Every structure is written in C-alpha cells, then in structure tokens.
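Going down the list, the sequences are from chains S and C.
According to our numbering, the first sequence is numbered sequentially starting from 1.
According to our numbering, the second sequence is numbered sequentially starting from 1001.
It should be emphasised that the hints constitute simulated quantities derived from the structure, not laboratory data.
If you're wondering where the values come from, they're calculated on a predicted model, not measured in any experiment.
Accuracy of the hints is not assured; some may be wrong.
[To be verified] A few chain S residues facing chain C, derived, Cβ under 10 Å:
hint, residue
1, 5
2, 18
3, 55
4, 80
5, 88
[Unchecked claim] What follows is a set of in silico ranges between Cβ atoms, one per label pair, in the way DEER data are often shown:
hint, chain 1, residue 1, chain 2, residue 2, range
6, C, 1440, S, 41, 27 to 35 Å
7, S, 57, C, 1525, 39 to 47 Å
8, S, 69, C, 1192, 50 to 58 Å
9, C, 1362, S, 77, 27 to 35 Å
10, S, 74, C, 1371, 51 to 59 Å
11, S, 69, C, 1047, 35 to 43 Å
12, S, 69, C, 1054, 28 to 36 Å
13, C, 1454, S, 40, 42 to 50 Å
14, C, 1371, S, 57, 55 to 63 Å
[As the list claims (entries may be wrong)] Here chain C is said to cover these stretches of chain S; the calculated rule only asks that three of the stretch's residues, wherever they fall, bring their Cβ under 8 Å from a Cβ of chain C:
hint, segment
15, 9 to 16
16, 57 to 71
C-beta atoms are modelled at their ideal positions from N, C-alpha and C, and glycine is treated no differently.
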Amino acid sequence: MPVFKHPQILIASNLTDGEVVFLGPSGWERDHRRARIARKADEATALEALGKCDISANRVVDVYLADVEIGSDGAPTPLHYREKMRVKGPSVRLDLGKQAGEGAL
Amino acid sequence: MTAVDLRVAQRPNAPMTTYRYDEYDAAFVSERVAEFREQVNRRLSGALTEEEFRPFRLMNGLYLQLHAYMLRVAIPYGTLTARQMRRLADIADKWDKGYGHFTTRQNLQYNWPKLVDTPDILESLADVEMHAIQTSGNCIRNVTADHFAGVAPDEIEDPRPTAEFLRQWSSLHSEFSFLPRKFKIAVTGAEHDRAAILVHDIGLRIVKNDEGEIGYQVVVGGGLGRSPFIGKVVGEFVPREDLLAFLEAILRVYNRFGRRDNKYKARVKILVHEKGIDEIRAAVEAEFAAMDRTVFAHDAEEFERIAAFFAPPPYDSLPATSALLRAAKLETPAFANFVDVNVGAHKIPGYAIVTVSLKPIGAVPGDASSDQMRVLADASERFGFGELRVSHEQNIILPHVKQDDLFALWRMLDAAGLATANAGLVSDIISCPGLDYCSLATARSIPIAQAISKRFSDMSRQRRIGKLGVKISGCINACGHHHVGAIGILGLEKKGQESYQITLGGDPTFSASIGEILGPGVTAEQVPDVVEHLVDYYLAEREEGEAFIDTWRRIGHARFKDVLRREGEDGADI
Ligand code: HEM
Ligand code: SF4
Chain S
1 MPVFKHPQIL IASNLTDGEV VFLGPSGWER DHRRARIARK ADEATALEAL GKCDISANRV
61 VDVYLADVEI GSDGAPTPLH YREKMRVKGP SVRLDLGKQA GEGAL
Chain C
1001 MTAVDLRVAQ RPNAPMTTYR YDEYDAAFVS ERVAEFREQV NRRLSGALTE EEFRPFRLMN
1061 GLYLQLHAYM LRVAIPYGTL TARQMRRLAD IADKWDKGYG HFTTRQNLQY NWPKLVDTPD
1121 ILESLADVEM HAIQTSGNCI RNVTADHFAG VAPDEIEDPR PTAEFLRQWS SLHSEFSFLP
1181 RKFKIAVTGA EHDRAAILVH DIGLRIVKND EGEIGYQVVV GGGLGRSPFI GKVVGEFVPR
1241 EDLLAFLEAI LRVYNRFGRR DNKYKARVKI LVHEKGIDEI RAAVEAEFAA MDRTVFAHDA
1301 EEFERIAAFF APPPYDSLPA TSALLRAAKL ETPAFANFVD VNVGAHKIPG YAIVTVSLKP
1361 IGAVPGDASS DQMRVLADAS ERFGFGELRV SHEQNIILPH VKQDDLFALW RMLDAAGLAT
1421 ANAGLVSDII SCPGLDYCSL ATARSIPIAQ AISKRFSDMS RQRRIGKLGV KISGCINACG
1481 HHHVGAIGIL GLEKKGQESY QITLGGDPTF SASIGEILGP GVTAEQVPDV VEHLVDYYLA
1541 EREEGEAFID TWRRIGHARF KDVLRREGED GADI
C-alpha cells in the first residue's frame, strides 16, 4: 500500500457526460470543495471502496485518489498541477468548464 | 450515364471532387452507428462494464479525457465538402461547445461530447458521409495524404485515390483489426513531402519509373512517439496492381513477428529497428511471392472506379497571371503579405491554393469556432468548388481559388479573423492539446504555443525569419510532432512542475531527421526566451537563402548549444 502523506479526495468521471466529479458526504459532487477528505490511510481506503461500488453501479468511471492540501476555510485543493487543471477546466479557455460555472449533475 | 455520374447526379449539391459513398459504404456506416447506439444503451443500463465497453467506444473514436469525453472524427485524406464542414459546425453547436480542434492526423476533435449524445452525433455525421471509425484502436488508422493533393504543381499523381483505395481495403479487413498496435499510413504523390510520410508506419510515395509507369516507393517503420524513427525503403517500385498484396505482405510479417508482449515495443518501427530493414524486406518479399494473389486480380479496376471520383472540378481556362491580383497587391499591403505567405502555385493556370491559418497570434492552434467553420464552408462555395482540405499542420486549405478572386476571398476571411498571413512561419505552430485537455499529458502545450506566437507577433519580423517549424507535444507520445520540428518542444514533469525539453534539427520531409536535445529542461516562462535566442542566433549566422534548419545543419548543433550556455552565463534569464 502506498505511504499516506497528504489528505486525499476521490476523483472520478461521471459516466453519462464525462464531467469530473468528487465524492462528497452524500454522493458525487461537481465542486471539489465539497469533497469528503480522507485524513488517514484507512479513511482513504474507505473512500476508494465507495468509489468501487459506484463503478459497479455504473455511475462513474476512472476513479482515483488525489492528494490535496486543506485551506483555512477547510476546503481541499489538489496538490498536483494535473488535478488542479481538472478542478477548473482548460487553462486556455477560461470561459469553459467548472471555472466558468458550467456543468451540473 | 456511368455509375459515378449517376451517384453524382443523385446529389446535386455535392461536388464530385471527392469520394461519394455507395450503398455498401452507407450501409456499413449506418450499421456501425446502430451497433454503437445499442452498445451505449447497454453500457448505461449496466449490461456492459467499462472494461467491456471501452474497446467499443474507442473503435468509434470516443475517448475519456481530462474534463470530458472527446470524439475524434476522421477526415479521410483531409478532404471535406462545404456541406460536411457545415455539419461539423452544427454538431459543435448542438452537442459540443461551439468549436472543434483540427489535429495533425487530419481529424477533428470535439472536446465536450456527452456519452449519451454520441450515437446521435455519429448519426448526424453518417448523414454527410462521415464517421469516427478507425480513429482509435490497434487497427489501420485514417489514411492521411498531402493536403495539396490534386492541385500541387509538383505532383506526379493525386494521392487521394490511393488513400481511398487503402481506406476501403483496411476498413473491412478483419485480419488487420487486431494488430499488435495502431498502424498509420500516409501517401504523397508529389516531389515535396507535405504528408510526413517518413514518420508513418507505412509511407507511400507515388513515383514514375524509367518506362513512365506509375508505382509506389514503399517506406516502412517510421514513427514518432517514445522512440522516433525515420522509415526505411522496403519496396523501391511496387506497381499499382501489386500494392495491396505488397502491403498485406508487410502487415502479415508484422502480425507474425510484431511484439505483443510490450505495448512500447509493439509498433512496426521497433520490429524494423530490431531486425534491420534487409531482413524485413526479405521476409516481405518471401511472403509476397508465396501468397495467393488471385484475390487482388480486380484491384486495378477497383482503383479506376475510385479514381473517377477525384476528377478535377470544372476549371475555367484563364491566363496564367491575374492583372486584378497584381493591382490589389499593390494597393493593399496586408493582402500582398497574405498572398506572399499563404497562397501557393496551382497546377492549373490562373488558379491558386490558399492556406487559411488556424493560428492567429495568441490563439489555440487548430481550433475553429462553428462560425469560422461556416465562413470557411461559404468561402469554399463562393470561391473554390465547395471543397476544403485539412492539413497536418492544423490549417485549412482552399485548393482551387481563382487568382482573380483572391482579394474578395481575403476580405471575407479577414472579417472572420481567418486571414493571418503566417503559413509556415514561426507562429504557424503545431501543438497537441496537451494538459489542457488530454489525460495522458505531462504538461501543457497550447499555452506554450500561444506565448511563442505572441513573442513573435510582429509579422514583418516573422517574414524576415522565414520558414520555421515549431512543434509542441504535451507528452512523450509526440502527437504534436515535436521530434520533427526544426524547433521541437516536449512538455514533461520534473519534480512536480511542468518542464520543457527543447530539440533542434527535426525535419518531417524527404530529408527527414529527428531533432537533437538542446540541454536541460526549462520552465514554461523560459520557453519563449529560449526560442527567441535561438532565432536571433540563426538570423546572425544564416547565409543567403538558408532556412533555420539549413543553418543548423551547416554550423552544427554544438554552436546552438553554446549560444544558450553563453546567454545563461551573461545573466540572461535562461
Ligand atoms: C487527446 C487524446 C489523445 C490520445 C489519448 C493520444 C494517444 C496517443 C498515444 C498513446 C500515442 C503513442 C503511440 C505509440 O507510440 O505507440 C500517440 C501518438 C500520436 N498521436 Fe495521439 N493521442 C491523442 C491526441 C492526438 C492528437 C490531438 C493528435 C493530432 C494533433 C494526435 C496524433 C498523434 C500522432 C501524430 C502521434 C505520433 C505518431 C506515431 O504514432 O508515431 N494524437 N497518441
Ligand atoms: S502528445 Fe501526449 S499530451 Fe499531446 S495529445 Fe498526445 S498523448 Fe496527449
């Protein structure tokens, strides 16, 4: 098992439209700030198990854990630039994607 | 009336300069759409798992990307009719976000389709004889061709009948649907290679022998990606009637010996590299000699049937030069620049080939809005027999424009932001989607292209610099052709940051070469500075008539490396 270094959130793509989603307290959220945060290894394992269930239930695909840091407001921000892109949208089209308030579940 | 005339007559609005589906083709494509609709339904209902569904979706050009699904639509040999271009625009508006991305493989990518809408999109494409088949998977991919096909003065023969001939053969070939890896073929019929045939799995060059007969020089084992190779000649002169048999012989050798154990070693280029071209040639020749060639007996006839679709449009007979054009150039310098840079000679007197750049300064290379697509469709109908081409440089070509019409066309393009006069210049950058869209990316590539483009926004400076191919990929897969850029840029990850490796000396033409690494990676902010220093050094060193690549070849890589090192020591920001 990989060493647990940072808090983590669970990221996936929504099956029907491909939108990036985050596992929240009650279901998938399109806003990463509402994601459930795993602060310990066993919490991360639990998130992953929930993700696997929803893969089987054909709700989401491509599910994985991403490292985050937690801001003063308690909201998570991804650490890696790849996931930073995923929570916003294309950096060359600020008028599109989550950063432009697009998308809904 | 011949069968071809009949089919054309049934479609009055369609020019006959490209292939039209017959009933067989149409049935094949609509069956595939219906099949995919069923597969999507079964996926949504849970009857298919993602693992089961993925191969089906990829076979229909649908990927899952960073922010959404992505649909890749094939534009066979880069030829589009006005009607097809309008349909691409309509799809962008109805099911996507009002734009599309033209790629280096003569495809169009939509960045935001929903899975649930994809069957409708495919149906809408099929209605204009388009599809997304063979844009993905380990099959023979969309066959690409010279975008000046049929109109270039340096051409021996239009390569598109060959490309269509191969497309029909490969589309249906069950033996080759599960190759060890994807397989890409490109064709050129000209003396100058505009289709990068030496960096494809198979490259075909139409040639004439001493007896004046047409045949093919067949090149195998080229490719970019993780391990780039220049293709090698496996057949010096293959007569047309033997072409398919010869290619099947190559594919059988590949199918037999190609490595399926390791994805990174599975391309034919690795086989050619490991065994050597002589051994491969011997194996192909033995296979060719042993195979039953009676099945190919009707190839020549079938080729002629296909070739009839690519008859030239009804050109007017015109004087070789246009007084109107000359006058308009004198009067309007911006137009004169456009003509000098983006307009090329045509094989028919009085006509010209126009490159419409999809690289305005600071724009996303290859992106076109639905409105721009419609302007291009209109322009092609008003000025060019309703035909368009997509180039592997991610630009659009209007292949048959009267010189007399160039000024009116330019005004129309200019009004739509489509008259940037930079074809082939430093800001005509090839860039893959990179980390702005692609889930495999290790770094962004589009913003790098934009920054370089802005740095060289002075168009007169660009013209002074002359031809210079800058090519950018967002990961080692090299979709942005960086290996064959005179200046190539590869985005990587270094210690959790985006980092860019620069190569010099790549060349995609018949004088093909793979670029050499300049030095350690640099940051995104540094890339435009580095490019500018390299360009300035070239300008200082170049001799009369030399392009960047010529100067680099003459004075050598080390000198360019030195410049950067010295600049660094002088405290410049490198
Ligand atoms: C966005 C989704 C894309 C994915 C997932 C993808 C995937 C890949 C992969 C895995 C390779 C390496 C293949 C190998 O070496 O065996 C590759 C190569 C390549 N792709 Fe893409 N690509 C994408 C987009 C594009 C685009 C947008 C273009 C055109 C601009 C393109 C054109 C090419 C070309 C020209 C190569 C290298 C030529 C070669 O195969 O040797 N791809 N791609
Ligand atoms: S080169 Fe890499 S980043 Fe660019 S499109 Fe290809 S796979 Fe994606």
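Problem set entry | Hints that the structure is at odds with (numbers, increasing) | Violated: hints 1, 10 and 14.
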